[in-house]
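K.L.:
Given next are the chains, with one letter for each unit.
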Amino acid sequence: MTLARRIIPCLDVDSGRVVKGVEFTGLRDMGDPEELAARYNSEGADELILLDITASRDGRATFLETVNRVAQQLNIPFTAGGGIRRLEDGNAVLRAGADKVTVNTAAVARPELISELAARFGSQAVVLSMDVKKTNAGWEVFVRGGAESSGRDAVAWAREGVSRGAGEILLTSIDRDGTCSGFDCGLTAAIAAQVSVPVIASGGAKTFDDFLAVFSEGHADAALAASIFHTAEHSIGTLKKYLAGRGVPVRLSP
Amino acid sequence: MKVSIVDYGAGNLPSVERALRTLGSDTECVTRPDEIAKASTLVLPGVGHFSAFVTGLRERNLTATLRDAIARGVPILGICLGLQAMFAASAEAPGEQGLDLIHENVQALPTKVKSPHIGWNQLRRLRESILLREIPEDAYFYFAHSYAAAAGEPHTAAACDHGFPFAAVVEKNNLMAVQFHPEKSGEVGSRVLRNFLEWAR
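Listed in order, the protein sequences are those of chains A and B. Under numbering that gives the first Met the number 0, the first residue of the first sequence is numbered 0, with each subsequent residue one higher. Under numbering that gives the first Met the number 0, the first residue of the second sequence is numbered 0, with each subsequent residue one higher.
Derived from the structure by calculation, the hints contain no laboratory data. Yeah, the Cβ is synthetic: ideal placement off N, Cα and C, and Gly gets one too. It is possible that some hints are incorrect.
Stated by the list, open to error - Ranges between beta-carbon positions, derived for each pair:
#1 B:ARG20 / A:GLU147: 41 to 51 Å
#2 A:GLU34 / B:LYS37: 21 to 31 Å
#3 A:ASN67 / B:GLY94: 32 to 42 Å
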């Protein structure tokens with residue numbers, strides 16, 4: 000009896016379409032969120048994450064509609080976020096059908112947001128998303144979609160987020176995101192060793208061995224990827240069989 | 000068959016409702032004591048904080064009616080916090096009282112394991128289970144919780160281990176409850192709900 004390592008496909012959505020960026024810039028249309036969600040649900044995804052990367056505030060209603068439509072396709076856990084600034088934003092996403100909400104930039108600006116969400120919805124519903132980049136100062140947290148340094152140390156921020164009630168950490172390596180050069184196992188292991196909650200590794204997935212490495216060397220509890228699943232380059236089922244064959248506990252039954 | 004889902008103000012009702020409807024059930028969300036008193040099958044879903052849960056029930060005057068319905072033999076399925084609410088009390092909210100249908104307490108997961116216990120885990124069957132009928136022994140279920148009730152006889156039909164062996168499936172006469180989320184556990188979760196509905200019929 001073992002807690003399975005999770006494989007989590009991520010949909011970045013802009014104006015109701017799934018898009019994919021390369022190193023946080025340059026967007027490409029990847030398809031319809033409902034169709035992709037239904038496919039991942041049946042392929043054995045352990046969870047689905049939907050992130051709103053629309054810059055404008057008027058895209059909010061469209062995003063909530065997408066959350067609602069995607070939720071209808073799933074019988075697995077569903078996390079949504081992007082642009083969550085206030086308690087009411089989190090409430091709206093959960094009411095639209097998500098089980099958990101992610102916070103990022105606004106939580107760095109006002110960490111109480113994490114405490115407020117956790118007090119209202121429980122820690123299991125709050126995912127602290129952090130975008131991290133290696134700088135001369137070490138691993139630093141960046142905000143506004145990776146565009147701006149926050150001056151915060153990644154390990155310290157992860158620990159603060161957890162002490163404020165975050166139930167999971169979604170850890171994205173900006174250096175690796177969209178580059179297909181593998182997860183940042185060093186960063187993932189450093190954070191996983193310092194927090195008491197599950198860590199979801201993100202950024203850089205390309206090969207099956209990248210996933211194997213982030214679970215074995217990176218001590219990740221879950222691994223997230225987008226583009227390699229969207230393009231049907233790899234199916235989630237095949238990836239999980241590969242991992243199971245190498246001793247990683249994964250859920251193979253549908 | 001009509002299934003009455005208890006709405007105490009903080010649960011994740013839509014996904015539970017959708018999962019039951021997919022199985023062909025007629026569902027209604029109930030918020031008043033008279034609705035619960037008339038119900039033939041009850042589901043008590045739950046996410047969030049134990050105190051919000053028991054306060055929500057109390058403020059809507061649902062606590063006594065729920066206990067009466069269960070004492071009358073109405074089939075009920077508690078989910079996640081809905082399982083914990085069947086117990087006497089929880090370390091999450093000292094001083095608050097649960098429904099006390101099982102006279103034991105809910106504890107925090109120990110600090111030696113990651114908490115919340117989030118993700119897919121397997122079960123260990125302690126005896127024949129109605130809810131787990133025709134589900135493979137090695138099936139995975141989705142959990143998301145920081146507190147749990149220790150597995151104990153005779154109420155626990157299946158346990159899960161995370162820090163300590165805890166009650167994952169409770170079956171005590173007409174009282175059924177699961178610590179995992181069947182509505183989020185894929186096909187096997189759907190099978191758990193179907194087993195409950197078939198048994199309640």
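K.L.:
Hint by hint, note whether the structure agrees.
P.N.:
We went through each hint and held it up to the structure:
Our hint of 41 to 51 Å for ARG20 of chain B and GLU147 of chain A holds, since their Cβ atoms are close to 45 Å apart. For the pair GLU34 of chain A and LYS37 of chain B, the beta carbons lie near 42 Å from each other, so the given range of 21 to 31 Å is not met. Checked against the hint of 32 to 42 Å, the pair ASN67 of chain A and GLY94 of chain B passes, with Cβ atoms roughly 38 Å apart.
Of the numbered hints given earlier, the model fails hint 2 alone.
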